[in-house]
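Chains as they are written, first to last, in the numbering used here: chain A, 1 to 471; chain B, 472 to 607.
Warning: the hint list may mix true and false statements.
Said to hold, decoys possible - Facing chain A, a subset of chain B residues (Cβ under 7 Å, in silico):
hint	residue
1	R478
2	P482
3	I485
4	G490
5	L491
6	V498
7	E513
8	V515
9	C558
10	G565
To be verified - Output of the computed footprint for chain A on chain B, the stretches with three or more beta carbons under 8 Å from beta carbons of chain A:
hint	region
11	527-533
12	546-557
It should be emphasised that the hints constitute simulated quantities derived from the structure, not laboratory data.
Being a predicted model, the structure only gives us computed values, none of them experimental.
Glycine included, C-beta positions come from ideal geometry on N, C-alpha and C.
Now for the letters of each chain:
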Amino acid sequence: MIPWLLLSIGAPLALGLLLIRMAWQPRLTLRAGLLQLTLACGLGIGISSCTFFLYMAKVQPAGPRLAFVEPALFLCVIAVCLAFGRTRRSLRAKPVAGPSTLPPFPGSPDTIPKPLLIGVCAVLACAVAGLILVSINKPHGGGDALGIWNMRARFMFRGHELWTRGFSRMIAWSHPDYPLLIPSSIARLWTYIGFDTHRVPQVLSGFFTFATVAALSSSLAVLRSARHAVEAALFLLATAYFVRLGGDQYADIPMGFFILSTAVLLTLSEATAGTEESRGLLSLAGLTAGFAAWTKNEGMLFVLAAVVALAATTLSKRGFRDSVRTLGFFLFGLIPVLLVILYFKVRYAPPNDLFGSHDLGPFLARLRDSHRYALIARAFGNELLRWGNGLTAVFVIYLVARGVTSRRPHPTFVSAGFIALVLMFVGYFFVYVLTPMDLIWHLGTSLERLLLQMWPTFLFLLFLVIGPAEE
Amino acid sequence: MKSPKLRIYLPLAILVLFGLYTNLRIVNKEVDRLHGPGRFEEAVYDARLAPLKAMLPADAIVGYVTDESIETRHKVKYFYLTQYDLCPALVVRGKSYPYIIGGYYDIDNPRRTDAADLLPVKDFGAGIELYRGRQQ
């Protein structure tokens, strides 16, 4: 089992590392290395989930074994990449000393006081313990994990020629139209090791939870300072719902990871503007945005918001030509994943339960109902006020006491990130306006999770623009 | 706050304490659940369904009934677990199928009114039963 497990993890990780190293070669420090490793893992998981889905659709059950096909495919891709002189040159390129176009704050402290380090380690240890305990008490995960993600993975693993039963309308309660990054990743690992243990979804969810913390802190350590990194990570770890949802194996955590990865890669591409690295990073950002859409349907809203925000900010700050070039590289990474999603939606997925109806009457009635707007606005307001069971108050105290200074003008892609988040926020608002489900129930069961998807990215963008604490 | 150090470190101390408090609350709650009475053993439920799974053909479509008196969240969880364990067979709520599974939370209560019009095929014990529809 162990060799298969190592192969199943090693092959996509190697491909992910190659992609990220091709796109970005910073001076190798602990923080840059951690960021590259985290992003490479995310890329590897995303790519391998797509290849597993295509394997299920086109090769199995009569075709050759996954354990032979997939590593061979990944090795071929790696070999082809390395065979190009340009790839080898880019891997050997002189490391960039550091992000160049984000002007540093003068006197930004890059050290972490010992008490703060001890504090963050203690919070991290408690979060790890909490997540492990939730996982022990719910081995198959919370309701959505059991009824949607792990269930679909079981159909993919156990179904053989019947695997498409997982998309049957007879189990419409299981949302068979939801995309397959998580189920594919779980079923893929089960296929490699040969049995469907609940440890796989548990470890995968734990990975995404702490990879989000690692991506947030290491990216801020690279782009800002160690102090910014630790403080942002503390805010994320102090969000109890984030840790609990990680233990519950909900897909909102991986989706948040891919949204954050997109924002990080875009910011890195701006920091290396004018170099070859910048284009590669833009394409990888497109790829991770695609993986967000391959994780949950809400990811399509993120893709739309990201494209609109990128187009608007680059057009207004850099002009038409640069805007087209930026979008071109972003779409270069995004389109292959969108094609996989399109294939899944057209070939396998039943209509969506929210927007599958062709009857426009009730749809327009909901759109005109002002009570719904008031109710949703109140729910959004309440959720933000009591975010993290009191974290909002801690957040305000923190910002007021430390004295917030903001760097201006904001880098283009940081503005784009904020605009994308606002567009998502507005988009979610209108999803609730239009939902055919009971509105109170729908808000109560999903709003906190939707906001949590955006929370790591909001922290990343905020800590990018606020100055150091003034000592 | 006049002291600059205090202004910087007090909010950070509050943040660290808040982070410890919220995470320790999860730890405490989960430890209680771990040792608490009536803990729902998903592994035990999986084991109960194993002999039933062995009996069902992979392409089966089976109905599902449960105690109507139990809480909705238990009802939902039992139903999800049954479908999860019996994949790739499809489990559909209702009785209009040749075979129907009874999944009962209250395993000591013999008055399973939902199954009154069904023919028992096999009782797997611990609240799991297989029925045949009367019309079959």
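Right, here's what the structure says about each hint:
no., hint, in the structure
1, R478, "holds (5 Å)"
2, P482, "holds (4 Å)"
3, I485, "holds (6 Å)"
4, G490, "holds (3 Å)"
5, L491, "holds (6 Å)"
6, V498, "holds (5 Å)"
7, E513, "holds (5 Å)"
8, V515, "violated (11 Å)"
9, C558, "holds (4 Å)"
10, G565, "violated (11 Å)"
11, 527-533, "holds (count 3)"
12, 546-557, "holds (count 6)"
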